[in-house]
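We have chain A already, so just place chain B on it with the hints.
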Amino acid sequence: MAEVLVYVDHVDGAVRKPTLELLTLARRIGEPVAVALGNGAADTAATLAEHGAVKVLTHEASEYADYLVVPKVDALQAAVEAVSPAAVLVPSSAEGKEVAARLALRIGSGIITDAVDLEAGDQGPVATQSVFAASFTTKTRVAKGTPVITVKPNSAAVEAAPAAGAVEALSVSFSAQATGTKVTGRTPRESTGRPELTEAAIVVSGGRGVNGAENFAIIEALADSLGAAVGASRAAVDAGWYPHTNQVGQTGKAVSPQLYIANGISGAIQHRAGMQTSKTIVAVNKDAEAPIFDLVDYGVVGDLFDVVPQLTEEVKTRKG
Amino acid sequence: MSLRIVVTVKYVPDATGDRHFADDLTVDRDDVDGLLSELDEYAVEQALQISENSDDDVEITVLTVGPEDAKDALRKALSMGADKAIHVEDDDLHGTDAIGTSLVLAKAIEKAGYDLVISGMASTDGTMGVVPALLAERLGVPQVTLLSEVSVEDGTVKGRRDGDSASEQLEASLPAVVSVTDQSGEARYPSFKGIMAAKKKPVESWDLSDLELEAEEVGLEGAWTSVDAAAQRPARTAGTIVKDEGEGGKQLAEFLAGQKFI
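Taken in sequence, the protein lines are chains A and B.
Position 116 of the first sequence, counting from 1, maps to 116 under my numbering, and the rest follow consecutively.
In my numbering, each number is its position in the second sequence, counted from 1, plus 1000.
The following block holds chain A by itself, in its conformation from the complex (with noise of 0.2 Å):
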């Protein structure tokens, strides 16, 4: 059976629940081999080994860590020689979608990103991507070399699926513009507690409705009585109310979660663009013309101020 790298997304050997998703996808189209790199790399090993990779391809060394995209590049490149895969897959994160297009151009390969879905075709991997602010929904593949897909958080169940997991050291030898884009200095992002909004299950979100930073408590709590993460509009976080890393929408973050909770937005359509491959759509707002409600499965028509204190009592009161 044709191997599929799996391109690992991991903070010192925690492994990242998307790259568990692709793991489940590439197993629709091959024998999963993933490829850990960086700080805690062979840490990675028993869990991957339990959703499915027949073998851990690891590297090493503190030029992840210390120059941009490039090494990576780099790494997937030797593996992708070593392997000879179907296909490659990789998270749609920023920096992912960077890594797998630079990998393409270089192994003469097209690229695919954003997948929801992807199966296996007659031509090699078929991706489905939802484009347009999600109104169309489009399959496609690529025609030339080894397809390198990149695919969202939240487009595939996470299945266990135990297999052999062995570790093998990868050989890389970094190129000379590995070393290009120095990273100077790092902060780390300071933990709130709650999930990845990307990758949440539930995400609720706050607008221009929210009227004040203060107010994103309200909207903090009722994340908190369901155990989800915090999004904001581009107006709410414009107004200086939320952090820009919550941002859901064109220009912040698309997210897919089973559960959407639009609290205060009217639903621009640069906010749906973000928002609108959600499963489950619910929105509170005052304004019964505000577009959002064309998109919701239940909407409340009513001050947010007065709804989602007592949403969240009974959330808290019914979870007991």
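Just so you know, the hints here were simulated from the structure itself, not pulled from any lab data.
Quick reminder that beta carbons are idealized off the backbone N, C-alpha and C, glycines included.
Zero decoy hints are in this set.
Covered by chain B, according to a simulated footprint, are these stretches of chain A (three or more residues, beta-carbon under 8 Å):
id, stretch
1, 110-124
2, 141-153
3, 167-181
4, 244-258
5, 268-274
6, 295-307
Think about it this way: if two alpha-carbon atoms lie no more than 16 Å apart in a straight line, the pair counts; the simulated EDC-like pairs of lysine to aspartate or glutamate are:
id, chain 1, residue 1, chain 2, residue 2
7, A, K139, B, D1228
8, A, K279, A, E199
9, A, K286, B, E1245
10, B, K1107, B, E1214
11, B, K1199, B, D1083
12, A, K182, B, D1162
13, B, K1250, A, E313
14, B, K1260, A, D297
15, A, K279, A, D297
16, A, K182, A, D66
17, A, K286, B, D1244
18, B, K1200, B, D1072
19, B, K1158, A, D66
20, B, K1243, A, D287
21, A, K286, B, E1247
22, A, K319, B, E1254
23, B, K1250, A, D303
24, A, K316, B, E1254
25, B, K1107, B, D1210
26, B, K1243, A, D297
27, A, K144, B, D1228
28, B, K1111, B, E1212
29, A, K182, A, E63
30, A, K144, B, E1221
31, B, K1243, A, D306
32, A, K182, B, E1171
33, A, K17, A, E196
34, B, K1243, A, E289
35, B, K1071, B, E1089
36, A, K144, B, E1216
37, A, K17, B, D1164
38, B, K1243, A, D303
Okay, now just chain B, sitting in the frame of chain A:
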């Protein structure tokens, strides 16, 4: 010292219009108005700020690849303050994918001459966000991408990249490719004077032969990816909408419980 900045911009269908696909599964540009991709305005703005903060002689060239109408995007950038423009236009470019676009842009950037390339973080139509990285790969220069802050001094570009798990300070020697996010600083509006001045600024037109490219290397035929099907998503079935009369939160909780979210 002088600094040559090339800003790559894209002419995109207006996102508030009814965007759809043509019969050949490329983006239909006829039925929707186009405009300068909003995210590229931030790239133009940063080029202007680098110029304003520099003691060197800075020349800003805006570059686009696209059909006749794409000149509108160049005019907008010129009216913001860019010095000159290059329009790569050729019928054979129809249907070019991201890899092909990066080829055309790289050839044009090399022909124009550059010390720094600045792009927006992504186009607002394709939203792939890969072209800046592809340009760096093709040009063989450092990529300093997704910056929310950027500065250039003594042949070095520095910037801040806000990632999911950390905020990173980056540094590279020129020449380099930079991309900026919508957090880099609000783009200025063209002044009346700027709009009038833009009419007199030079716009060069290049075709594939000017770039020593063959038709097969670009366009739908030269694309390394193939869109096999595009379907409009069915409209969502109308949801339940209730008016809050004191029990709105509880009603919503009841719905969420019914859907097993609670």
